[in-house]
Each structure stands twice: as C-alpha cells, then as structure tokens.
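Letter by letter, the chains look like this.
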Amino acid sequence: MIDLLGIVSLLLLLGGIGAHVTRAFSRADDDGAMTWGTKGSLSAAFAATIGLIVLAIRQLVACGGGAGCNRPAVVLPLSRPAPGLPSLALSVRVDPTAAIFLLLIGTCGACVAVYSFGWLHGDPLRNRVAGSFSLFLLAMVLVVVANSIFWLLIGLELMTFCSGDLVRYRGASGGPVEASRTAVRTYLIVSHLALMSVLVGVLPIIVSHHTLNMSVLSGAGGSPAPAFSFSFILLGLAMRAGVTPFHFWVPTVHPQLPTNTHAMVSAVMLKIPIYLMLRFFLGGIVGPVQWWWGVVVLVLAGLTAVVTVFYALVTPDLKVALAYHSVENVGIILAGLGLALLFSDSRFANVPGVRVAAALALLASLYHVMNHGLFKSLLFLCVGSVERQTGTVELHRLGGLCRTLPWTAFAFLIGAVAIADLPPLNGFVSTWLTVQALFSGQQVYLEHSSVALVILPAEIVALVALALAFATTALAFVKIAGQALLGEPRGALASGREPWSMRTIMTVLSGLCLLLGLQPWLLVPWLTAALAPLHYAMSGLVATPTRLTISIPAAQRTVQYHATLPVLPLLLLVASAFGLTALLRAWRWKRRPVWVGGSTLDPSAIRYSGNAVSALLWEPMSRLRPWRGPAEPAVMDGQPVPAGVTGPADGTYPPDQGDQADRPAMPFREAWDLSPTRSVPEVANYFYNRLISRVITASYRFGRWFQNGDVRSYLLYMFVVVLLVLAVLSVTR
Amino acid sequence: MIWAGLMPRLVVGLQAVLYILISPLSVGVVGWLKARLQGRRGPYPLQAYRDLGKLLRIAPTRPESSSGVYLFAPALVFTSYALLGLALPTIVVVAGPGMDLLLVIGLLSLARFVATLAAFDAGSPFGPMSAGRQWFIQVLAEPALLVLAYIFALSDGTTDLPHLVPHSSAVSLLITKPVISIALGALLFVLLAETGRLPFDRPGTHLELTMIEEGVALEYSGRALALMWWGYAMKLTFMLSLVSFIAVPPASLSGLTPGGLALSASLYFAKLGALLVALAIWETARSKMRLRLMLPQLMLAIGVLLFTLASVILKDLQVGG
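Residue numbers (my numbering), protein chains in the order written: chain A, 1 to 733; chain B, 734 to 1054.
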C-alpha cells in the first residue's frame, strides 16, 4: 500500500515540478519543449491516477471490514519540536473511507488528464495548468490519506495554493483582470478563514489529548467542549464547501479556472470538506454525536440546495451555472450526512432501526459523492469542449450544438439527465437512497417524542427543499440544453470537431453514469466497506443485479420499513425506448419547415430563449429588492471610499479615487441581468458587499483616529503594550 | 414451482398491458361525457382508438432544425408512461416487491424532461412556451408528491406501490385513517395540475398560446404524435387509477377465485368510471385559472399535505404516549 502511494506521489510531484520547470527554462517561442513538458506531466498524472484507482480498489476489496488495512503507517518520522509537544510525524492510512475518496480523485483525475491532452493543445499556459494540476492532485491525496492533523492542514493549504494558481488562469490568458484578481483574493481569504475556523475548533481537542494523530484522537473521547468544536469545524468546512451563507465564493472563483481543472475542483475538491466532516464528526474526533448536529446540517443542506439551484437557474453563463449546481449537489450530499448525524446520537441506540437508517443515509451520501463526481466532471468536460470549439460559454451566444458538436451534445444530455436526478441514470439512485433514508428514520421521533418537535420540521424543510431543488435542476437543464444544444445552430458557431481524447473521455464518463444508474449493486459493496472504519454496518440494504432493497427493523411502536428499487424496469425503459425508436424508423422521417403559426416569419427570429422558459420562476424574484435603489457608496469624511481599496495609496487619506469615486466597485456580483429590464438580486452577495464596505470604512476611521501623528499617543501605546506584557508574564509565571 | 414464481409476474404484465390498452378509452370517455354535459353529442368514446389507428398509419415528419432528441423523445415518453403500468395494482394486488412511488415520480419527471427538450428541438416558439409552464407547475407539484410519499411511508412503512395501502382489510383507508382523505383531496388537485386538466390547462384547446400539456407535442405528427398522445392518455389513466387504488384498494391475488377476479375487475372499472364522471363534471363546472394564480393554489395543496403529514405523526406520537 505504502509503496504504491509513494510511487503515485512521486509521479505527481515529478510531473508537476517538471511542467513548471520546462516553462521556466524554455524560451517563449520554444513550442516543442513546452508541449513535451505538458504531455510528460499529463502522462505522469494519468499513470499516477491509475495507480490511485488500483490502490483504492485494492483497499476496498481486500479489507471489507478487516482491521488490518486501517492501521496507519508512519512515512516521515519527525521528532517532537520540543519536549511536551505532540509529534509532527507524517503518518498515512488508506482505510476504505479514504479509499472511496481516492477512487473519486483517481477516476476524475484520470479522465481530466486524458482530456487535457486535447483541451490544452496549443494553449500558451499549458505547462502551468498541467503542472499545477498534478500538484493539486497530490495535495488532495495528502489531505485524504493524512492521519495527522498537522499534515492535514498543510495538505489543505497546499490544495488552496495549487488551485489558487489555477484560478489565475483566466486573467492570465486574456480574460478580465479585475475579476481574476477578485477571484484569487476571495479564494485565499475564504480558504484561510475556513482553515482558521477549523483550527479553532480542533485546538481544544489537540490540547486536551496531547496528540495530533487522528486515529488516536478518534478513540480518545473527543473535545472537552463538543458544541464549540463542532460549531467551528462545521463553520470552516461549510465555508470551504460553499454551503449557503457562504455560497458566494464558488461562482466568483470557480469560473476563473481553466475548464478542464474546473471539473476537478467542482467534482472533487468540494467533496474534501465532506470527507473531513465524516472524519471529524462521525469518526469520533469531536466526540459523541449529538442529534442537534444533524438538525443543523440538515437545515443547512436544504437551504443550500434550494438557494443555489435558483441562482443556477438564472445564471446566463454555463460555467457559473454549473458551479452553482455543484454547490446544490453539496447540499444533497450534506442532507445524507445530516441524517446520518441525526440518527447516530447515542440516545437512540436502544431503537434497533435507527443505526441502520444512519448507515443508509451515510451510504446515500457517499453514493452521491461518487455520482456527482462523475456527472459533474462529464458536464464540465462537455462545457470545456464547447468553450474550446466555439470560444464562448455564454448561454445566449450558443445554439444548435447537437448538429455541430454531436459527441459533446450527446454526452451533455446524458449528464443533464443524470444531474436532474432522473431515472435511469446514476443521480436518481443516490437521491432515491437519500429520500428513503429520510423516510426510514421515522423511529427516531416515534420513539422519542421529546425531540420530535425539532427533528420533524428539519426533516420536512429538507424534504421540501430537496424536492424543489430536484425539479428546478431539471428545469435548469432543460433551459441550458434547449438553448445551447437543440434547435437551429446560431450565435457562436463551432469550428471543427472535438479531438479524440476529449470524445473518448466524454463517452467513458457517460457510460459510467449509465452503468451506476442501471447496476447500482456494483458500487454498493465498496461503499459498505467505506462505512466500516466509521463503525457503521450496512445491514439494511441488499443490492442485487435486479433490485435494491431497504429494510429497517421494526421498533416497539413502528412497523418495519421496507422499500425496493427495481432495476429491471429501468433496463426495460432503456431497451424498449431504443427498440421503439428503431421500430419507428425515426431517422427516415421527412424533413419539413417548422410551423410558425401560418406566417412567413423566420422561426429563429421568434425562438424562445432559455430565460423566457424559466421566467415564471425567476420573475417574482426580479420584483423583489432587498434594498431600495442603487447601492449607496461608502462615505468617509464626506468623500466616498471605494470597496476593495485596502490601504493608503500614497500616504494621503482618503486615497485619490479619480473616476471610480461615484461607482464603488463591489467585489461580488449583486444581480444577474436576465433582460434589459429585469434582474434577479443575489441577496447574499448584497449583504457581503455591504459588510465589506462597512468594514473598510470603519477601518479607515479607526486608522485615522489611531495613527493621528501625535507623539504623545504613540508613547501611550508603548506604555500600554509594556503593561500588557507585564500583566501576561505575571499571570503565566 | 416455476409456475408459482412466474404467475405473479404474468399477472403484473397482463395488468400493465390492460392499462396500456384501456388508457385511450378513458380520454375518450371523459371527452364524450363532457360533451354530453354541455348538451352536445360529442365523439363516441371509441373514437379515441380510431384516431390512434389513423395516426399510427401516417409516417411522421420532422422540422428541419430537429436533431436526435426529437426523434428519440416519442419512444422514450411512451415507454416511461407505459412502465407505470407495472407499478400499479389495478385489478388485483400481487404480493412481493413491486414498483416504488419515488421511481414513479422519477419516471413522470423523465417523460416531462424529454418531452420538453423535444419541444425545444422542434424550433417552434410554442413548444418552449408550454414547456416553461409545465416546469413551473412541476416545481410546485414535486414537493407535494414527495410529501405525499412521506405520508404513506410514515403510515405504512413503505413506498412500495402495491403495499402503499393495507389491502388485507376490507375497510378502506379513508375510514380507518380519515386524515388520509384530506391528503387524497390535495393529491387530486396536484394530479389535475400534473395531467394538465382544468383549472390548470384546458385539454383540447386549439389556441397554442395558452397550451400547457399539448404544446410540447405540437410539432409531432403521424406515429410519433400517436405515441405522445397515447403517453398522455396513459398518464391520465395512471393518475386516476392511483387515486382509486388508494381510496379503495383491490383484493389480493392469493386465493382469488375466477368469480372474485371478475368482481375485482368490475370494481376497478367502476372506480375508474366514477372518477371519469367526476372529472367530466368538475371540468364542466370550472374555467381555466390564470397562470399567476396557480402558485398560491399549489402552495395551498402543499400546505394541506404538510398539515396531513403533521397530523399523521402527531397521532402516532399520541397513540404511543
């Protein structure tokens, strides 16, 4: 295990550094060296990801529930920095839980690596993208396998750093520079705030147990203040995952990425916080699970799903829309996780079915992690192909790609059905499992009336929110596919066909989506194995090639819960739909002009746009204004202060603003303009922008008051500092 | 032994075939009844089959701008709705795992998804116009349907359609659990929205600008149109059969005599007929609702369902102490 992991890491490291080095040492016009650097790096990344897949499958198959493979191995024995402090040794463990996430990284990584051969061809920044991509993969692998909190945080930081380099891509390749800078800044600020928040939550645990080793911590009894630790760790991880009050950064940052790695970041990196939640909350590091944790996570999940899917619906840019959809799917995953937390409270331990329902919810969550990884990669890679062939990702400039780019369009449609959670594709299976887990947990409140009044509203909020999200996602993809893929080709026309590497990968991913939708039993044993390190046994779900069967044992006052997802009707659906189409000889239907109400209009002139189709949903929101009129500029000393200016430009206060004075630059987008007269406000961003401008104004005011240039004030500050130091010393000694 | 394993599946398959075959009749009957109620002679109920037969003999055409989606959609829509027949115990209930209510919701959604995509593909503005309305209704109907599934999951511990209501007892669920009848009322209203009946949509309208259900199939012709139309008829029949199944569950297959089977079949047709009559009277009495008014109406339906859910749970809590 360790050998393979070492080889994988070495390959990724060499590939990453190699690509960056060839960029640094090759002349700008030396095309050959650049190309070979890129290709070498991508080949190394592909080999490494195949190694990861092999490693993950070996771990999942070899030790389904066995304890032997869960043992951590020390790979970098570092001594203690000082006596009395915990050891900083890097130990890794690839238990089945980690292996599932390695499998996800490996599968998506391999697909993106092969796809990039075609996608990066001729790109002036290809070395940088390929190199940072390899290092980014390495950082994610480190986060997943690290068994020490110290190295986990290092890994998170590396992950931020490598993906942050990729975020600069759009600005560096001729895109809007200001948006690129905002994105990088936002990304770093959010990631570091999240990291700090996690650190604050973890510190009491480390201090009270004197170790950084996660496998030791998970059996050590948890935090001295579980509620405190839970809140801060959840806050930090929710920020990184883009959960609703913090969803603002994902659509700001992610679209700046090159589209091939955008797939990786959306499909895989957003799952890393989910993985850490599993480790911290269910792995026992924070302490015994409380049911209210689940309520918090469940409500956040519902809120995330419904808010972000709405903004996904109104976004006129494909990459931004998919970024919003990624967060929506994080919501669906979190719903499963929240249910698992809810059912894992030890006070429900006497009810036999609750533990089974918890395992079911967790399995649903992990299934959706895998599914979302596959179909979101697929969708992003299709968008990448559209972008490469047409030069745009703006929805209103695309049309009729089904005829100009048939491979991409077909794969995109498969991905659209999968993400809309419709049968017979994989998204349906995992959402079916999630909803069933929600239904099957009835014993919790039937046996414990005292907590029912809190749990029940949370479950209903989550259920209604998820249902709204499912239907709205379907509408959003009808809109996107209808506008960009179907009908008459128009707007930005595709130049040439996709390269073969891209076609192959899109086909492979579509096939995987179909396979996991039609034959869920293939993945279920591995996911069951992944639950074992978290001490869940999946006894309530039986997966056979013909059906998935759930049965939750009865408690005192409830009946047995059972549900079946038959697979045969789904197979029948696919087979007979194709058969019937063949029977109709659809390809031989005669072509005729479209009917436009008997007039002589050009049909494309009166075509319905995607925004018009979704108008019934967004129009009520476009009448809603959280504020009156345009944003008020921040004002200090009678002069406006632009947001985003962080310090004095040349020692004068306030800095010279020139033309920007009357229009303060807001870092986050506040409205999506859907027509010349209608726009939908991004309510969260409105508040964030106001917060930022308030903070900046207040800090100016404080700075002026504090740095007043009077020597007596500075003497006073020094005196206060000396007093403080003395006070601290007298207390600690 | 093999016969014993095969028999239930055979019965399920036969019921599905019956459902596919009689579905045009229910649309024909409701049209005829409405015409009679309005004092017209109206087309004979079996006219639906003649129309279908005529359409099935005509080769379809396709708009110039259409792609593969347009060609594939009729088959997929028809198949999705036809598969619903496997889900529903119409005449007898076959014990053993059947189809799941969530899968049924998924199949309905899939058919709508594909049909609306095909409407876009046709390139005419009328298709997407109705597609937008359909999804607007769907966004509101989906929570209602899932909450309904939750109500049944809570009261019977399953979402398996054959086991959704206890069919062993002779007494209807409406009498043993009166609160279910409130849910059934809300369900009926949601089903009117789902199937595009009044007050949401006026079936048989000839004004493209107001179409909801028919608009997406506007560009289809010949056999393709026949499949789309037949799919719609199956959806209506399925919804009505679902309501009749919940209200008065049919007998179980095990230990059923031929006489009992005939009785059960006639019971099913009586239930379906009664619902068709009710639908015809309702549609004659109602006029079409404005699109804007659908939002509060459907929200009300969701609210009623949530109320039912709460009362189901509170009752269970109370019974347990």
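By construction, these hints were calculated from the structure, which means they are not laboratory data. Wrong hints could be hidden among the right ones.
To be verified - Derived DEER-like restraints, expressed as beta-carbon distance ranges: (1) Ala1011(B) <-> Ala582(A): 38 to 46 Å; (2) Arg397(A) <-> Gly918(B): 42 to 50 Å; (3) Val559(A) <-> Ser999(B): 30 to 38 Å; (4) Arg742(B) <-> Ala179(A): 55 to 63 Å; (5) Glu619(A) <-> Leu1033(B): 42 to 50 Å; (6) Pro911(B) <-> Ser450(A): 54 to 62 Å; (7) Pro352(A) <-> Gly937(B): 26 to 34 Å; (8) Leu789(B) <-> Gly598(A): 21 to 29 Å.
None of these values were measured; they are calculated from a predicted model. C-beta atoms are modelled at their ideal positions from N, C-alpha and C, and glycine is treated no differently.
- Hint numbers not upheld by this structure, sorted from lowest to highest: Those not satisfied are hints 5, 6 and 7.
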